[in-house]
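Engineer: Using the hints, build the complex out of the two chains.
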Amino acid sequence: MNVRGLRVVVGGRAGEIAAPGAPTPAGLLAELYEKHAAGVYGRCRYLLKDDAEAKDALQDVFVKVLGALPEFRAAASPTTWILRIATHHCLNLLRARRALWRDQLRMAQAGRRQETESPDRRELVRLLLALASDEAQEIAVLYFVDELTQAEIAQETGRSLPTVRKRLREFLACAREALGVELQGGDL
Amino acid sequence: MNLDIGGPGPGCSSMRVRRLLAGELTGVEKERTEAHVASCPRCAAVQEEIAAEREALRRDAPFPQFAAAVAEKLAHRPHRSFAARWAPLAAAAGLALVAGALLVRRPADTDAVRSKGAASVQLFVRDQRGVHELAPGGRVGEGARLLLSLQPAGRKRAAAVLVEPGETSVIYEGPALNGTLPQAFEWTGSGVATLLVVLSDTKVDAKSIRSAADAPAGADVLQVLLRR
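For the record, the sequence lines run as chains B and S.
Its first residue numbered 1, the first sequence is counted upward by one per residue in the working numbering.
Its first residue numbered 1001, the second sequence is counted upward by one per residue in the working numbering.
Warning: the hint list may mix true and false statements.
Using C-beta positions, here's what the derived DEER-type ranges look like [unchecked claim]:
| hint | chain 1 | residue 1 | chain 2 | residue 2 | range |
| --- | --- | --- | --- | --- | --- |
| 1 | S | Val1028 | B | Asp103 | 42 to 50 Å |
| 2 | B | Ala75 | S | Arg1210 | 34 to 42 Å |
| 3 | B | Leu161 | S | Gly1174 | 40 to 48 Å |
| 4 | B | Glu71 | S | Ser1039 | 35 to 43 Å |
| 5 | B | Gly158 | S | Gly1174 | 58 to 66 Å |
| 6 | B | Val181 | S | Glu1031 | 36 to 44 Å |
| 7 | B | Ala52 | S | Ala1153 | 50 to 58 Å |
| 8 | S | Ala1153 | B | Glu31 | 41 to 49 Å |
| 9 | B | Asp134 | S | Arg1210 | 39 to 47 Å |
| 10 | B | Pro70 | S | Glu1167 | 23 to 31 Å |
| 11 | S | Asp1004 | B | Pro70 | 35 to 43 Å |
| 12 | S | His1076 | B | Lys35 | 49 to 57 Å |
Taking beta-carbon pairs under 7 Å as the criterion, some of the chain B residues facing chain S (in silico) [claimed, not checked]:
| hint | residue |
| --- | --- |
| 13 | Leu29 |
| 14 | Tyr33 |
| 15 | Ala38 |
| 16 | Tyr41 |
| 17 | Leu48 |
| 18 | Asp50 |
| 19 | Asp51 |
| 20 | Lys64 |
| 21 | Thr79 |
| 22 | Leu93 |
| 23 | Val125 |
| 24 | Phe144 |
| 25 | Thr149 |
| 26 | Ala173 |
| 27 | Val181 |
FYI, nobody ran anything at the bench for these hints, they're computed from the structure.
Note that CB positions come from ideal geometry on N, CA and C, so glycine has one too.
So that you can see chain S by itself, here it is in the shape it has in the complex (with noise of 0.2 Å):
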C-alpha cells in the first residue's frame, strides 16, 4: 500500500493561498496565482478550508471577547515591558481615566540639605479634544494617551512608575530628562493607580519602587493619582 499524505504540488500551496488572500502577494507572481487558484481543485478546497476557519472564527471567538481575553492575558503577563502592555492593552480595552490631584512629596528627612528649586512634572493628555494638560480632576477621553513632562529642576535621574494594587509597571527610568519623556502610554486599569515620579541625584531602580517610601534619600516625590 502507498499512502499520499500530502506535500506541495506542481504550482500548489496552501500558504501560496493563503498569502494571496492575504493580498501579500504583488505582480507576477500573484498574477500565476490568481490563474493556478482559478482552475484548481485542490487550491479551491484551500479556499473553502480558510471560508470555514472564518465561519468557525466569527462564532467562537468573535472579536469583542477575543480583544477582552488578550487584555486580560496581557495586564497578568509578568515582566512584560511597557509598550507591550499598555499599548495592546489599550487597543483592547479603551479605557477612560480620571486624574487626581497632583502632589509633591518631598522626603521630611531631606528638606533640611535640598538646596535646589522644586521640581514639578505635567501629565498631558491627547485625546478627541486634542492636546492638553491634565487638570485635577479633570476626565480624559477614551483612547486618551498621556505623556509626562518633567521639570527635575537639576535633579539627574528619574524613574516613573505606575502603581496598581498588586502589581507595578515602569513607565520610565533614565535621566531627568528636562521635558516630555519620548513615549507616552495608556492607562488601561481599572480603579486607582498611582504615578509616582521619582527625581534623584543618584540612581534609581524603578523596579524597586512601589510607594514614595522606596525613592532614594534625598530625592523628590511626585504622585499623580488616575481614576477610572
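Just chain B, with the same shape it has in the complex (with noise of 0.2 Å):
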C-alpha cells in the first residue's frame, strides 16, 4: 500500500487541512471562531443593526476567510485583518441601501436637535459614513472605531500617510456640513 502520498498532503498543498500539529479541519473552524467570530459579530451588528443581517454577513465573512487562509495567515495582525473583512463585507451591504442609510441619519439629526445629551458617539460615525466615499469609510472605521493611528492606517491599508489624512478630513468635512457643528476626532 502507498501511504507516502497521504504524507506528502499533509505537509503539501493541503497544509491549511493538516499540517503536522495543527488544528483538524473541525479544530481550525473552531479556533477561527473561538478567537474572532465575537468581534466578527460585533463588528457586523455595529454596522448592520440587525442581529439576523449580523448572523448571516458573520456566516460570510468565515466563507471569506476560508477561502483566505494563506492571506489571513500572512497578515502581521490576523485581528485586524479579519475585522477589515468583516467591515469591508458590511460597508458593501450597507453602500447597496444607501437611500435608507442617509434616512437614518437624517432622522438622528432630526433626533438630535431636540436632545440635550450627547449622541452616541459610535453610533453617530456609523450614521456619518453614509456620506463618505468608499475609501473613506474604510478609513473612518478604522480611525474612529478600531482606533488605530494614522500610521497604522497607511501601514494596514498599504496608503500613503498624507491619502489617510485626507481621506479622514474629508469624513470630517461631510459630517460638519451634515451636522452643523464643530467637530474632533483623535489628533486631527
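Structural biologist: In C-alpha cells:
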C-alpha cells in the first residue's frame, strides 16, 4: 500500500487542512470561531444594526476567510485583517441601500436637535459613514472605531499617510456639514 | 457646539486591546499595553464591550449552528476551488463515507484501438484506524481524508471529478501521475456521489466532465461510488 502520498498531502498544498501539529479541520474552524467570531459578529451588529443580518454576515465573512487562509495567516495582525474583511463586507451591504442609510442619518439629525445629551459617538460615526466615499468609509472605521493611528492605517491599507489624513478630513468635512457643528476626533 | 467623535487616544486603541486579548502582542508592546489597560477606564470599557460581544455570539450563533451554516454556504458557492470547498466543509460537518465498488469503464468505441495495459485507480483512506485502501462497501471513519492514486498505464493526462446530483467538483486536472495525487480531499456531501477518473492521451477538460460519456474519445474512465 502506498501511504507516502498521505504524508505529502499533510505538509503540502493541503497544509491548511492538516499540517503536522496543526488543528484538525474541525479544530481549525473552531479555533477561528473562538478567536475571531465574537469580534466579527460585534462589527456586523454595529454596522448593520440587525441581528439576523449580522449573523448572516458573520457566516459570509468566515466563508471569505476560509477561502483566503494563506492571506489570513500572512497577516501581521489576524484580528485586524479579519475585522477589515467584516467591515468591508458590511459596508458593501450598506452601500446597496445607501438611501435608507441616509434616511437613518436624517432621523438622527432631527432627533439630535431635540436632545440635550451627546449622541452615542460610535452610532454617529456609523450614520455619518453614509456620506463618505467608499475609501473614506473604510479609513474612518479604522480610525474612529478600531482606533488605529493614521500611521497604522497607512501601513494596514497600503495607502500613504497624506492619503489617509486627506480621507479622514474629507469624512470630518462631510460630517460637519451634515451636523452643522464642529467635530473633533483623535489627533485630526 | 463641539462634538468629539473619537479616534485613537494617547495610548488608547480598541484594536490594540483586541490584539492583546487575542495574544497577538509580544515583548515591549505587550507589556506597555497591559500596563496601560490596567489603569485606563476607556480601555476597560473596550474590554467590557469585547466580553459583551462574546456573550452575544454564544447566544445568537453558537458554534454548531454557525459551523453548519458556514458549511451550507460553502457547499453552494459557485466555482470555488477544491481546497476552499472541501477542507472547510469537512471542518464544519465531518461526515463519514461509505465507498462503493471500483468500476472500470472503457468507452466501447475505443476498445479496438487501445493497446496499452489497463489503467486503474486506488482510493486510500486515512482515518482513526490509520491508512488503508478503501474496500468496496468499506466504511470510512468520521473526518477521514481520501487520497486518489493513479496507475495511468501510459496515459498522459488525467482528470478526477466528483459528481453529485446537481453539481460537479473538480478534484484534479493535469498530468497522469503514476501514484498518488498531490492533494487529499474530504467529501462532506450527502447521499451518493461518483468519483470519475478520466485517463487520456489527449487533454481533458475536467470542468466539462459530468459523466463517463463526457470523456474524450479513447479515454479510460474509472468510477468510484461514494455513499454517505
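Engineer: Each of the hints needs a verdict: does it hold here or not?
Structural biologist: Do the hints match the structure? See the list:
no.: 1; hint: S/Val1028 - B/Asp103: 42 to 50 Å; in the structure: 48 Å, holds
no.: 2; hint: B/Ala75 - S/Arg1210: 34 to 42 Å; in the structure: 39 Å, holds
no.: 3; hint: B/Leu161 - S/Gly1174: 40 to 48 Å; in the structure: 46 Å, holds
no.: 4; hint: B/Glu71 - S/Ser1039: 35 to 43 Å; in the structure: 36 Å, holds
no.: 5; hint: B/Gly158 - S/Gly1174: 58 to 66 Å; in the structure: 34 Å, violated
no.: 6; hint: B/Val181 - S/Glu1031: 36 to 44 Å; in the structure: 40 Å, holds
no.: 7; hint: B/Ala52 - S/Ala1153: 50 to 58 Å; in the structure: 55 Å, holds
no.: 8; hint: S/Ala1153 - B/Glu31: 41 to 49 Å; in the structure: 43 Å, holds
no.: 9; hint: B/Asp134 - S/Arg1210: 39 to 47 Å; in the structure: 41 Å, holds
no.: 10; hint: B/Pro70 - S/Glu1167: 23 to 31 Å; in the structure: 25 Å, holds
no.: 11; hint: S/Asp1004 - B/Pro70: 35 to 43 Å; in the structure: 40 Å, holds
no.: 12; hint: S/His1076 - B/Lys35: 49 to 57 Å; in the structure: 26 Å, violated
no.: 13; hint: Leu29; in the structure: 4 Å, holds
no.: 14; hint: Tyr33; in the structure: 5 Å, holds
no.: 15; hint: Ala38; in the structure: 4 Å, holds
no.: 16; hint: Tyr41; in the structure: 5 Å, holds
no.: 17; hint: Leu48; in the structure: 13 Å, violated
no.: 18; hint: Asp50; in the structure: 12 Å, violated
no.: 19; hint: Asp51; in the structure: 6 Å, holds
no.: 20; hint: Lys64; in the structure: 10 Å, violated
no.: 21; hint: Thr79; in the structure: 5 Å, holds
no.: 22; hint: Leu93; in the structure: 15 Å, violated
no.: 23; hint: Val125; in the structure: 6 Å, holds
no.: 24; hint: Phe144; in the structure: 5 Å, holds
no.: 25; hint: Thr149; in the structure: 5 Å, holds
no.: 26; hint: Ala173; in the structure: 13 Å, violated
no.: 27; hint: Val181; in the structure: 5 Å, holds
In this structure, the earlier hints numbered 5, 12, 17, 18, 20, 22, 26 are contradicted, and the remaining ones agree with it.
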